[in-house]
Every structure is written in C-alpha cells, then in structure tokens.
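Participant: So the sequence lines, in the order shown, correspond to chains A and B.
Once you know that position 15 of the first sequence is 15 in my numbering, the rest is easy, because the numbers rise by one and skip nothing.
Once you know that position 158 of the second sequence is 158 in my numbering, the rest is easy, because the numbers rise by one and skip nothing.
Think about it this way: if two alpha-carbon atoms lie no more than 25 Å apart in a straight line, the pair counts; the simulated DSS-like pairs of lysine-lysine are:
(1) Lys124/B with Lys140/B
(2) Lys139/A with Lys167/B
(3) Lys158/A with Lys139/A
(4) Lys139/A with Lys124/B
Listed next, the stretches of chain B that the computed footprint assigns to chain A, with coverage defined by at least 3 CB atoms under 8 Å from CB atoms of chain A:
(5) 122 to 128
(6) 151 to 160
From the derived model, a few chain B residues whose C-beta atoms are all more than 10 Å from chain A:
(7) Ser38
(8) Lys40
(9) Pro44
(10) Leu45
(11) Asn55
(12) Gly70
(13) Leu79
(14) Gly80
(15) Ala85
(16) Phe92
(17) Ala94
(18) Arg100
(19) Val104
(20) Lys140
(21) Leu192
(22) Arg194
Derived by calculation from the structure, the hints in this document are not laboratory data.
Please read these numbers as outputs of a predicted model, since none were measured by experiment.
Ideal Cβ placement from N, Cα and C applies to all residues, glycine included.
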Amino acid sequence: MTAVSSWPEALARLKAEVPDAITGESARPGVLAVLAVPAPSIRRLATWLRDEGTFSHCSLVLGIDWIDHMEVVYHLWSDALKGYLELSVTLPAEDPHVDSLGGVWGGAIWHERETWDLLGIRFDGHPDPRRLLMPEGYKFHPLRKSFELREPEELEVKSRHV
Amino acid sequence: MTDTTASTHSAGTTVVTHLHKGDSPAPEVPTEQILAVSAKEFIPLWKENLQGLVNKGMDTLTQPLFNWAGRNSLFPLHLGLACCAIEFAAGFGARWDAERFGVVPRSSPRQCDLLIINGTVTWKFSHKLITLWEQMPEPKWAIAMGNCATGGGPFRTAYSVVPGVDKLFPIDVYIAGCPPRPEAMLDGILRLERLIRERHG
Ligand code: SF4
Numbered sequence: 001m002t003a004v005s006s007w008p009e010a011l012a013r014l015k016a017e018v019p020d021a022i023t024g025e026s027a028r029p030g031v032l033a034v035l036a037v038p039a040p041s042i043r044r045l046a047t048w049l050r051d052e053g054t055f056s057h058c059s060l061v062l063g064i065d066w067i068d069h070m071e072v073v074y075h076l077w078s079d080a081l082k083g084y085l086e087l088s089v090t091l092p093a094e095d096p097h098v099d100s101l102g103g104v105w106g107g108a109i110w111h112e113r114e115t116w117d118l119l120g121i122r123f124d125g126h127p128d129p130r131r132l133l134m135p136e137g138y139k140f141h142p143l144r145k146s147f148e149l150r151e152p153e154e155l156e157v158k159s160r161h162v
Numbered sequence: 001m002t003d004t005t006a007s008t009h010s011a012g013t014t015v016v017t018h019l020h021k022g023d024s025p026a027p028e029v030p031t032e033q034i035l036a037v038s039a040k041e042f043i044p045l046w047k048e049n050l051q052g053l054v055n056k057g058m059d060t061l062t063q064p065l066f067n068w069a070g071r072n073s074l075f076p077l078h079l080g081l082a083c084c085a086i087e088f089a090a091g092f093g094a095r096w097d098a099e100r101f102g103v104v105p106r107s108s109p110r111q112c113d114l115l116i117i118n119g120t121v122t123w124k125f126s127h128k129l130i131t132l133w134e135q136m137p138e139p140k141w142a143i144a145m146g147n148c149a150t151g152g153g154p155f156r157t158a159y160s161v162v163p164g165v166d167k168l169f170p171i172d173v174y175i176a177g178c179p180p181r182p183e184a185m186l187d188g189i190l191r192l193e194r195l196i197r198e199r200h201g
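Extracted from the complex, chain B is given alone in its bound form:
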C-alpha cells in the first residue's frame, strides 16, 4: 500500500516522498522520478552552498588576472570639455604617448572603463555627464583633471559651473593644475593603476 504525499522543503521547493506501510515490498519508483527528485533537491543545495563557493573560488583564481588586464588597459572616454582637453589631447600625441601605458581613448562610453573629466563642467552639461558615466560598464573609474573638475577652478563661484565634479559622482584620482601638464595626467593614470592594484588586486 503506497501513498504519495507532498511536503514542503525548507527552501520552498516541493519534494515528493514515498511512504510504504506494512510488509508489502518496497514500491517500484520509476527512474525518471528519481532523477527529477534529485534535480529538485540539488538546485537549492547548489544555490545555498555550492554556487557561492564555486564563484568565490573562480574569483580568487581569476581576479588577479582580470585586475592585471584591466589596470594595464584603461580606456578613457574621448571627451574634451575645456582647455584641459588640449593637454589631454597632447598626452596622446607623439611626445607624451599615453598609449604606451595601454591608455587608448575610445569614442563610446560603452567601451570605456575610465572617465577623465578634463575641464569645466556646467550645470547644463552635468546631466549629460552623469548619463555618460552611467552608460559605462562596471568596473569603472573616474579622474578629475584640472582645477575646474576638482573644485570649480577659477569659476568656482560662477552661477553656471559645478564646483567640483565629485558633486555628481565619485572620483578616484584628482589632478591639480590649471591646466595640469600631460606628465601630470600620466602620473594620475599611473596612480590610478596603483590604486586599482591595491584596492582590488
């Protein structure tokens, strides 16, 4: 005599158990049903314990590799806001050649992991800048280049200028100067590389 009852598993999944009474022989359970029960029990087990462990293990193995690859190929957005953008552009020219550090400006925020804000940010442009920042995929970093982006610069008290772009989103490295020379920009990028290594390495 066999009856099948359903009991609710702690994780919310329904597990089918087979009860048999008296001395009647153990019932034949079809193989497919055993498999189905196993899968149902395995999923919560996987979700609760194994998945996290496996992911963590994979992360431990791959994190240094991704970190090394990421910090040595920081792709900034090709965005010029004001006079500092001239130094930014010079930094990618023949004399300073930022590309030897793996820094290649890209034209789409979807392909970037670094936003260099090189110039004066106005309130009118701030919404567009936030949109660009949000379009960039994680992980991403931001550098405020020049006094304007750092704290408003000579226009700090102006009615139209954001006094420091960290009012809009978090900044990792600040570069002082009006404008900072391309060497300073390269130094800022190298400091960001060191910061990525120390913070996530």
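In isolation and in its complexed conformation, chain A is listed as follows:
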C-alpha cells in the first residue's frame, strides 16, 4: 500500500480502513482538520495514523477542563503532508480516563504525564504513570477549575523519598 500524498486522500482511506473511529470533522486555520474521536477508538486511530497516514510525530497532548466535561487534544505532524492534524477526545468530568498513546508515539509520554499531573486525566496503559511537575505524593491536580488556593501546609509533601 502506498503512503498517502494528500489530506483528502488520507481522510478517505481513514474512513474506509478504520470505520467508526471519528465522530466529527471540522476545520480550523493552521491545521489540516480537527477530528472528534470517541475515547475507546483513540489507540486504533493513532496506530493507523502513524503507520498509514504518515503522521510520524506527536507534538502535543493537552487537557482542557470545561467544568462539565474534560477534553484531551492531540497535535500530530506529518512530514509528507506538511501539516498538523488535531484530534479531540471528550471525556466525562467524573474520573476522566483515556487510552495512553505512549506506545504509539514515544513523545506523548511526557505530555500525558503532565496532563495527568496537572488535570488528573488518567492515561490507561501508560508506560511510566508518575507525576511530572509536582512531587510524588502531592494530593491535588492544580490546573483543575475546582482547585482553590490553599495554605502552604496543605501543599507541602513531607516524604523525603520523592
């Protein structure tokens, strides 16, 4: 099978070869497309995009707290198509979790650790599920909208083995 050479061709093949992997498609300046992806099919879609869709580089994973729900956004770069593709996964506000893409793009590992650390979105099957920026043992996910300013005594992590 030859590699895709344009985005419309990639999208057509994507719809044919990975059915039900995307639920919506919209445009935004600066990216090839924004695809809405249901959480269960993200790893299947990502593997296809890497192997067949020439998206070799995951440049960004971030989380957004919309208060009533959570969103995870992935930015993928393709050298062949010379453009970014944006994937967006909507998650419930209660116990948000999604499959980790650390096994698909190694570069996603740190981004997912950061998203877990600051927003509390779990990435199932993550190869290294530790916090990134806050010390191990920290009790909060401080970029959540529900996080309030606290006294330093509450924030301090007493254990020295971190």
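Add chain B with the ligand to chain A, keeping to what the hints say.
Facilitator: Okay, now just chain B with the ligand, sitting in the frame of chain A:
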C-alpha cells in the same frame, strides 16, 4: 596474707585494691599492675574534668582564629535556581568581583559553608535543597536572596512554590529585591560576616 578484691568505682570502672592484714610485710605489687591501675583511674578523671577543661581552653585560644578564617572565606554553593541566579553570577564577574571578599563559589556542598538560595524554590525541588543543606559540613550559614526565597515573591500564592525558604531550614540573612542587585548580595554577605563575628567571635 593478701587477698585481692574488686570494688566498683563511682564512674563504673573496676579498680583493683590490695588489702593486707596483720604484720606481714606489704606485698610486692608488680610494676605493670600499678601502671594499669593508674591508667584505669586516670581515664575517668580525664573524661570528667580535664578533657572538658583542655577542650575549652583550646577553643578559647583557637575560636577567634577559626572565626576570622571562616568569616573571611565564605564558600557558597554554586547553585542557581531562577532569575536571581543571574545577579548572583554577575556578582562574581569582573564588575562586582565578590572574590575579593574571599567568597568563592564551589560546586560541591561538601566544600561549602554558605548556601545562597537565589531564586524560586518549588515544592518539588525543596527535598533536593534540604539534602544539599544537610550535605554541607558545620558550621554553615544560609542567605535567602531575593523576594522568592525570602517569602515566595510574586509566586507566593502559587500551588507549586515554597512561600519562603525558611519553611525548610533556618536562614541567617534575607536580601530583599526582585532581583536584588549584586551590590545587595555583597552587602548581604558582608552583613553575614559581621553576624558571624558578633555571634561567635
Ligand atoms: S525574586 Fe524576582 S528576580 Fe529573584 S527569582 Fe524571584 S522573580 Fe526572579
């Protein structure tokens, strides 16, 4: 007629005493035994009275010398945490030249007696900073340089920043400013020198 009994000395060491009865001549005690008894009696005497006196005397004689040597060669740890570290570095450059006060940054905490905390300390780094502080040999001093180290600075209410490094270990001199100029850092070091002289001189 001689019998040897052992009695327990007040300090817990056993002293051998020789008792002789009647008009039999005083027994011959081997010289080695006399020496051994003397040493055994001398050790508690040394520990209880003389050692402290001698140490105190030595301290009185050498303390001013060590104090003078120590306060005039404060070696800070070469540690840069945030923007204040730029001023710290400038202070050791040609223009301000902190080395003329005997202040030489060292790369290992084992060789340092001064910790200048020049920047924002996060909770994540606080454990490492305490380890560095504990690795430094006594006597040691600490300077909090800049508003961040003094009280959290502009990040005082942040979720990740220690609001004042004196939450972690005692600080001798605080230098205000965001950032303090190298002159302020030099002034802080000179104040620390004065403090060492007054406190321990
Ligand atoms: S006190 Fe100001 S200059 Fe110094 S580390 Fe904090 S923010 Fe930077």
